[in-house]
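Q: Chain by chain, the residues run as shown.
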Amino acid sequence: MEKLDRSRRKFIGALISLAAGFLLLGKFLSPNVGRKKTLLAVEKASIPVHGALVYRETRVAVIREAGEIYALSLVCTHLGCSVTVTPRELVCPCHGSVFDRRGNVVKGPADRPLMRYAVEDQGDRIVVAM
Amino acid sequence: MLKGSLKITYTFCLGGLAFTAFMLLAASGLLLLFYYQPSPEEAFHSILFLESSVWGGRYLRSLHRLTSHCFLALIFLHTLRVVLTGAYRKPRELNWLIGFALLCLSIFAAYTGYLLPMDQLSLWATQTGMELVNSTFFGRVVTGILVPDGVGQPLSLLRFYILHIMLMPLSVLLLSFLHFYRIRKDKGVLPYL
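Quick mapping for you: the protein sequence lines, in order, are chains A and B.
Read in numbering that gives the first Met the number 0, the first sequence has 70 at position 71, and its numbers run on one by one without any break.
Read in numbering that gives the first Met the number 0, the second sequence has 46 at position 47, and its numbers run on one by one without any break.
Note that these hints are calculated values from the structure, not bench results.
Positions of the beta carbon are idealized from the N, C-alpha and C atoms, including for glycine.
A few of these clues could be false.
Unchecked claim - Label-pair restraints from in silico Cβ distances:
#1 A/R8 x B/Q36: 40 to 48 Å
#2 A/R124 x B/L120: 44 to 52 Å
#3 B/H44 x A/V118: 22 to 30 Å
Here chain B stands alone, though its shape is the one from the complex (with noise of 0.2 Å):
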């Protein structure tokens, strides 16, 4: 093995932290769990009780926000370590296509998340989110099946839910381990082994 490729600088250990992160968000988010309700009328108002009612709610909401954040971020600094050394290339290329799925599959699940608040701001950036996906080709099938009877409304509302708090974790967690049973077919991160 080479010396030089044991170094922290290069990688970073990115992928890692995100999955850190990754885990940190589902345990916060379960917690969640017990205080969201997914309908129209009460799912503002069970952010506010558990914002004013809640010993340490705030402090977990506050949390789960700041590591979606830090999640995407960790992630995209992964990609573009990948890009960088050239670690998609040749024996790596299914790890590649796997970890691009993990990059849209955790953006689709941040995107999911943002409308449960229920809030103003949540409300209209999905909405702009969902005209945006309109005016692509297949557009009008992904927002009939995301969407049903309009954002904010129960239906929509509740398929938002079901696939952040289950469908895309699972996913993400799914293709994760298989990234890292890949990582390990592959001989390790680092090159020339």
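If we strip away everything but chain A, and leave its shape as in the complex, we get (with noise of 0.2 Å):
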């Protein structure tokens, strides 16, 4: 009976590992290709001409710029504050990095530009994918 007993356990166990290894072999099969995250979609009316929509939750800015649109990061690339859009350049608060509304650095300690984000065009609206 005692016999019996541990050989099903073993049953069990091996089921169980086979299983799980299936699971792991499934996952490292199943590569993430190509799934970009979308962030937004923006109706392109929404956006002003000369002007900028700003998301703060995903810090993300919208700028629509001598009729061409894109999406900047946020994110200073100095240590990673959320920088403030003004109408004219993007500050830093926390150390007063400066960038121009095209992203490029004007005054450090920053010494990279914003990231950008690729900025779909869907006729009427467009979608900022990360």
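Hints in hand, dock the two standalone chains.
A: This is the structure we're talking about:
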């Protein structure tokens, strides 16, 4: 009786490890290819000309400048604070880095331009993807 | 049987450990095959993709690489043990030869695997290795077969690939079984039975 019990336990153990093995194998065999995360979907008409829409939660600014629409990450490239969008420039409140409206560095300590997100034009609205 | 012969400190099971490492290499290598692309343009990118976008990819590749180092070290230690205990002597001459062939095949398998990532280190390491072979007597013939169009070119990468994933592992496996069979025929690894 005892022998039977033990073999059943072994069988269940083998089943569980087999299932876990298949689970891990499946995970290994499904890479993330081109699955872009959509951050925002914005109506084109809602973006002011020479203006910007600021999304504080997602830390993105959608900017319309000279007929072109682009999305800037608001994460300061210095130490990661959220930059403040002003009519002329983007200023970081933490250490005073200043970026122009295209995201290029005007004044340090940040030394790299703000990251740009891919913007997909879908007719009357745009989609910002990561 | 002599009681002292049963101690683990006589062999340290180095050969068994080496074979365990070999099986681990086969398992991890089999999984790596799902992502590796043996072409000069794609090889390095496929490695980057494996490391960045595949769950457990970086771990698996590190495992394969580290295990290969361990495999070679264990085989060398095993050879050292065999030499130091005099296990190569009669009646085990044949198994000593098989073991030596296994040692050479394993080194060659590691060498062919070294080129596959196609980064700077592997490319130039293989290049220098091939130049070393060139300087030997039949070197030109060997490199002509191994790298017909130069190190890092499509044909040579494909040849290293097929040697690394197919021919070398199969030969090592077959010779290992012969090795184990001979151990039994020679009445075990321990002397004075």
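Q: Please write out, lowest number first, the hints stated earlier that are contradicted by the structure.
A: none
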